[in-house]
Amino acid sequence: MGDVGELILQNLNPAQREAVTAPDGPLLVFAGAGSGKTRVLTRRIAYLIAVRDVHPSEILAVTFTNKAADVMRGRVEELLGRHAMGMWIHTFHGACVRILRSHAERVGRKPGFSIYDEADQQTLLKELFGVCEIDTDVFAVRQAAYLFDQAKNEAADPATLASHAPPSLREKYVHLCQLYATRVREANAFDFGDLIVETLRLLRENPEVRDGYRGRFRHLLVDEFQDTNRAQDLLIDELLGAHRNLMVVGDDDQSIYRWRGARIQNILDFEKKFPEAKVIVLGTNYRSTSRILQAADAVIKQNRGRKPKTLDTPNPEGAAIQRFVADDEYDEARFVARTAQELVTRRGLRPGDIAVFYRTNAQSRMIEEKLLETGLPYVVIGGTRFYDRKEVKDALGYLRLLINPNDGVALGRVINVPARNIGPRTVERIAAFAQEKACDVVAACRRVGAGEGELPTGARGRVAAFAQLIDRATTFAQEHKPSVTAGYVLREAGYIAALEASKKVEDKTRLENLAELLKAIEDFEDENEDEATLSLFLERVSLLSDPDLYDERANAISLMTLHAAKGLEFPAVIMIGLEDGLLPHSRSKESPAEFEEERRLCYVGITRTKERLFLTAAAMRRSFGGVPMPTRLSPFWFDLPPQLVEDIGSTRPNVSAFTTTRSTAFSSGPTTRLIRPREETIDPLFDYDESQDPADQPKLELLCRVRHPHFGPGVVTHLAGSGQLARATVRFDKFGEKTLILKYANLQYVAPPSEHL
DNA sequence: GAGGAGACCATTTTT
DNA sequence: TGGTCTCCTC
Numbered sequence: 036m037g038d039v040g041e042l043i044l045q046n047l048n049p050a051q052r053e054a055v056t057a058p059d060g061p062l063l064v065f066a067g068a069g070s071g072k073t074r075v076l077t078r079r080i081a082y083l084i085a086v087r088d089v090h091p092s093e094i095l096a097v098t099f100t101n102k103a104a105d106v107m108r109g110r111v112e113e114l115l116g117r118h119a120m121g122m123w124i125h126t127f128h129g130a131c132v133r134i135l136r137s138h139a140e141r142v143g144r145k146p147g148f149s150i151y152d153e154a155d156q157q158t159l160l161k162e163l164f165g166v167c168e169i170d171t172d173v174f175a176v177r178q179a180a181y182l183f184d185q186a187k188n189e190a191a192d193p194a195t196l197a198s199h200a201p202p203s204l205r206e207k208y209v210h211l212c213q214l215y216a217t218r219v220r221e222a223n224a225f226d227f228g229d230l231i232v233e234t235l236r237l238l239r240e241n242p243e244v245r246d247g248y249r250g251r252f253r254h255l256l257v258d259e260f261q262d263t264n265r266a267q268d269l270l271i272d273e274l275l276g277a278h279r280n281l282m283v284v285g286d287d288d289q290s291i292y293r294w295r296g297a298r299i300q301n302i303l304d305f306e307k308k309f310p311e312a313k314v315i316v317l318g319t320n321y322r323s324t325s326r327i328l329q330a331a332d333a334v335i336k337q338n339r340g341r342k343p344k345t346l347d348t349p350n351p352e353g354a355a356i357q358r359f360v361a362d363d364e365y366d367e368a369r370f371v372a373r374t375a376q377e378l379v380t381r382r383g384l385r386p387g388d389i390a391v392f393y394r395t396n397a398q399s400r401m402i403e404e405k406l407l408e409t410g411l412p413y414v415v416i417g418g419t420r421f422y423d424r425k426e427v428k429d430a431l432g433y434l435r436l437l438i439n440p441n442d443g444v445a446l447g448r449v450i451n452v453p454a455r456n457i458g459p460r461t462v463e464r465i466a467a468f469a470q471e472k473a474c475d476v477v478a479a480c481r482r483v484g485a486g487e488g489e490l491p492t493g494a495r496g497r498v499a500a501f502a503q504l505i506d507r508a509t510t511f512a513q514e515h516k517p518s519v520t521a522g523y524v525l526r527e528a529g530y531i532a533a534l535e536a537s538k539k540v541e542d543k544t545r546l547e548n549l550a551e552l553l554k555a556i557e558d559f560e561d562e563n564e565d566e567a568t569l570s571l572f573l574e575r576v577s578l579l580s581d582p583d584l585y586d587e588r589a590n591a592i593s594l595m596t597l598h599a600a601k602g603l604e605f606p607a608v609i610m611i612g613l614e615d616g617l618l619p620h621s622r623s624k625e626s627p628a629e630f631e632e633e634r635r636l637c638y639v640g641i642t643r644t645k646e647r648l649f650l651t652a653a654a655m656r657r658s659f660g661g662v663p664m665p666t667r668l669s670p671f672w673f674d675l676p677p678q679l680v681e682d683i684g685s686t687r688p689n690v691s692a693f694t695t696t697r698s699t700a701f702s703s704g705p706t707t708r709l710i711r712p713r714e715e716t717i718d719p720l721f722d723y724d725e726s727q728d729p730a731d732q733p734k735l736e737l738l739c740r741v742r743h744p745h746f747g748p749g750v751v752t753h754l755a756g757s758g759q760l761a762r763a764t765v766r767f768d769k770f771g772e773k774t775l776i777l778k779y780a781n782l783q784y785v786a787p788p789s790e791h792l
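When the first sequence is numbered by the working numbering, its final residue is 792 and no position is left out of the sequence of numbers.
Since the hints were made in silico from the structure, they are not lab data.
All the pointers check out, no bait thrown in.
Each computed EDC-like pair below joins lysine to aspartate or glutamate, with the alpha-carbon atoms no more than 16 Å apart:
#: 1; residue 1: LYS336; residue 2: ASP347
#: 2; residue 1: LYS428; residue 2: ASP152
#: 3; residue 1: LYS554; residue 2: GLU426
#: 4; residue 1: LYS102; residue 2: ASP586
#: 5; residue 1: LYS344; residue 2: ASP287
#: 6; residue 1: LYS207; residue 2: GLU162
Restraint-style ranges between C-beta atoms, simulated for each label pair:
#: 7; residue 1: PHE511; residue 2: LYS308; range: 51 to 61 Å
#: 8; residue 1: LYS516; residue 2: GLY318; range: 47 to 57 Å
#: 9; residue 1: ARG295; residue 2: ALA454; range: 31 to 41 Å
#: 10; residue 1: ARG575; residue 2: PRO665; range: 41 to 51 Å
Just so it is clear, CB atoms sit at the ideal spot from N, CA and C, and this is done for glycine as well.
With the hints as extra help, turn the sequences into a complete structure.
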């Protein structure tokens, strides 16, 4: 074995090494949290290429997020350099798109097809509800979309799931399914579920296509196998050739996508399906302290539907897990802000070392508000996404139409934005015309605008003008870069002008967002050079997921859902909202399987933590901004053995009376332990780091006037610390006294002391 | 057909 | 609480 071979096997423990060097054939790797899963996968790929002489193009690796795919590709390239060219490392959906682009016509599409996201899907469905005369009070659009998706996840005929629709609607439901499928096809589009199912159909119905891929991919590797659904499992079967070189990696304890059709059975039954499979267990965790691991184990071992196993670690015991019961969500947010501030000032952590996890996106708002006050940088992963904003979707709608003139949903979205006096009635007629003449919707606009069909003269001219706009832009797009095209179409459409003319403040933000979109397209062009087509950009955007947007270089506190946290790790983690009904979520109480998934979610959160873990709950919480309601602690709270945990007091003085009422409110479980000063409870796991450059700080002096971006003007009353940890206490005119870390607070020097004294 | 006022509903998680 | 939808008026 050469130098590269040795490099590939460097720093692997025996189990990891066994997995990397395993012989051909099916291979199942149970990879516990923090056990070096990514390392094993990337080294295995590198090993196959460098040692086993497998050509990179013979490798197909499938991950769940684009981010994971990028990381994997990057690591293999680090090991092999340009010898890694030609591998397929994609998400399931990404790989399917790639396959479908090559064989689009075989599933009734053209290569420029659109990808319909949830919103597009619902827009179309809503329209079809009208056509099928289905009352949305009886059967919600979202519910229909959910059933469609589930059917596709199961690779089942949607009609066979008609039993899930309200009994009175079964016939209409079947009709709806068929109509929906037809319309998506006519729009030259796929929804997310279609991407998998239609690829499956393509391979099944076209053996020569299937054999082409089987012949090509000599090695299949699947990451996060516990989160594959039935359709994905079947897809793997189709792609897997006679060699049966399939490596799957996963952890049944981290399966958190049941609601999306994931079948934990896929991994648990792997050995039944492949009796000759080699099974390797990676049981050493290199990430977390022993205490955190014990806590995680205490939680997860309560689940019944799992393979019993424990993780061990060479790491030290570490700090106690700190639990905090807040008065309400404000208090909880204050605790988060304070803890974060303390971790940075006293424990020497970078903001990027800290993460806040929650069950639902809605919980982020309060945390954001309080973090804003500390001046610490933070990012919210997910929630209302950039690409979900109206103006961004509008812009993308225009661009989609240039690539795919059949895209009826995109047309409906942009034809009257900005207002062109083309109302729903006219749009309906255009759609009907396109149906009747079997032409694309842009052609329909063109023809209707030219006088075909029955349209009032006024509307006719307006539609003709719109068709000309799209035609012009389509031609333009063929000769220009995507970013230039985007600017062109938005200007020509009058979109920019309409926003500029508007007096509303939010329209100014919209302009900024559009500028940001153009920037994103330019970045995409820089990264992909010759391959940077508009079509590829739209595809990337459609398949983007929340975790893809996490950027560890940002050095900001990360706020994200527990789902988005999977696959990441942080030195310090604050998990909030450990309340019954929130984690576990109230919607998960219907079945034990769902409850167990909530527990796994909790497990995933805990195991993201390297060194310091904080758990919080609020005694009162308001939902929908209504009245605060008393809560109960999560059952998972009580799963933690007392010796691992330290309960700490409120961030505010004089809450002893409240603590009593609180302990009665949370009647079950151990009694709250004595409140101790926080300074003593945190042992010095992290080194203080005071030796930093003082250059980038504002030159403040006592009693000078300053301005804070959030709190406005104030007077400096106290200065402490130096370097990166320099802090100032400021008495703000409107918000009272606050202590801020200068590095992050963005304090602006306004006036020296004398001028206002 | 546009725009505004008010009703109404929502929160699970997302490729 | 805030974002979306519906209805009403112009």
